[in-house]
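K.L.:
Listed below are the residues making up each chain.
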Amino acid sequence: DTEVTQTPKHLVMGMTNKKSLKCEQHMGHRAMYWYKQKAKKPPELMFVYSYEKLSINESVPSRFSPECPNSSLLNLHLHALQPEDSALYLCASSQKPGSPGNQPQHFGDGTRLSIL
Amino acid sequence: AQSVTQPDIHITVSEGASLELRCNYSYGATPYLFWYVQSPGQGLQLLLKYFSGDTLVQGIKGFEAEFKRSQSSFNLRKPSVHWSDAAEYFCAVGAPLEVSGTYKYIFGTGTRLKVLA
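Same order as they appear, the protein sequences are chains H and B.
Under our numbering, think of the first position of the first sequence as 1, with each following residue one higher.
Under our numbering, think of the first position of the second sequence as 1001, with each following residue one higher.
No lab work stands behind these hints: they were computed from the structure.
Some clues are possibly wrong.
As the list claims (entries may be wrong) - Label pairs and their calculated CB-CB ranges:
{"hint": "1", "chain 1": "H", "residue 1": "S59", "chain 2": "B", "residue 2": "K1114", "range": "31 to 37 Å"}
{"hint": "2", "chain 1": "H", "residue 1": "S59", "chain 2": "B", "residue 2": "D1008", "range": "26 to 32 Å"}
{"hint": "3", "chain 1": "H", "residue 1": "R112", "chain 2": "B", "residue 2": "G1062", "range": "27 to 33 Å"}
{"hint": "4", "chain 1": "H", "residue 1": "L116", "chain 2": "B", "residue 2": "A1017", "range": "42 to 48 Å"}
{"hint": "5", "chain 1": "B", "residue 1": "E1020", "chain 2": "H", "residue 2": "Q82", "range": "37 to 43 Å"}
{"hint": "6", "chain 1": "H", "residue 1": "S20", "chain 2": "B", "residue 2": "A1117", "range": "39 to 45 Å"}
{"hint": "7", "chain 1": "H", "residue 1": "G28", "chain 2": "B", "residue 2": "E1064", "range": "28 to 34 Å"}
{"hint": "8", "chain 1": "H", "residue 1": "Q95", "chain 2": "B", "residue 2": "G1062", "range": "38 to 44 Å"}
{"hint": "9", "chain 1": "H", "residue 1": "Q95", "chain 2": "B", "residue 2": "Q1002", "range": "37 to 43 Å"}
{"hint": "10", "chain 1": "H", "residue 1": "T16", "chain 2": "B", "residue 2": "A1029", "range": "44 to 50 Å"}
{"hint": "11", "chain 1": "H", "residue 1": "N70", "chain 2": "B", "residue 2": "E1020", "range": "28 to 34 Å"}
Note that the Cβ used here is the ideal one computed from N, Cα and C, for glycine as well.
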């Protein structure tokens, strides 16, 4: 059982569509993360939110737009994606930003995204 | 530069056999080290972590790992593997980012474990 919930589990969209991925946690965590994972590869960090503010953007194309409307919710808005954006998108959270020693990241099960 | 190396891309063991997955890191300061497991179609589950203290760390599902500073290693072990352990295993180091108070994981490339019945 995961404490980070991601919806939808699967998403197929065309290159002209607009869709959103949702991530929710109720552990009181104040740091949230988006990762992209291609098949047989480790996750790649995309964005970090710290106390609901975007603190890190790892040079992600603007067709990916993150949003953190409150401390429990993280969205990833998608627009005009390319076929190479097909991947597993993982959300994670940690208790608060800072030393990871006592605050490991908790991952959701991801959204499997396919771009036609 | 900070990095994590998992030398073995694939490992196959028989059920009931012992297991050791290798992880080497390159990091200037005291590392925060993690092992995660990922089953097909799922997210990453934390197996164990090390940040200080006893260098032998116990985790969930019967896994343990030993931190060896002199060898820059954090190898994962299990004395008797079960078929359900077949999965992808990632070693990671927690590294601070330029923004104060934020950190990121640097992941190894992963080791895929296959378990023979």
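K.L.:
Now tell me, hint by hint, if it's right for this structure.
P.N.:
So, going through the hints one by one against the coordinates:
For S59 (chain H) and K1114 (chain B), the hinted distance range of 31 to 37 Å is satisfied, since their beta carbons lie about 35 Å from each other. For S59 (chain H) and D1008 (chain B), the hinted distance range of 26 to 32 Å is satisfied, since their beta carbons lie about 30 Å from each other. Between R112 (chain H) and G1062 (chain B) the C-beta distance comes to about 30 Å, which sits within the given range of 27 to 33 Å. For L116 (chain H) and A1017 (chain B), the hinted distance range of 42 to 48 Å is satisfied, since their beta carbons lie about 44 Å from each other.
Taking 37 to 43 Å as the suggested C-beta distance range, the pair E1020 (chain B) and Q82 (chain H) conforms, at roughly 40 Å. Roughly 43 Å separates the CB atoms of S20 (chain H) and A1117 (chain B), a value that falls within the hinted 39 to 45 Å. Between G28 (chain H) and E1064 (chain B) the CB atoms are about 29 Å apart, so this pair conforms to the stated range of 28 to 34 Å. At roughly 26 Å, the beta carbons of Q95 (chain H) and G1062 (chain B) sit outside the given window of 38 to 44 Å.
Distance hint check: the CB atoms of Q95 (chain H) and Q1002 (chain B) are about 22 Å apart, inconsistent with the given range 37 to 43 Å. Between T16 (chain H) and A1029 (chain B) the beta carbon distance is about 47 Å. The supplied range of 44 to 50 Å therefore holds. For N70 (chain H) and E1020 (chain B), the Cβ-Cβ distance of about 44 Å falls outside the hinted range of 28 to 34 Å, so the restraint is violated.
Checked against the numbered hints listed earlier, the structure breaks hints 8, 9, 11; every other hint is satisfied.
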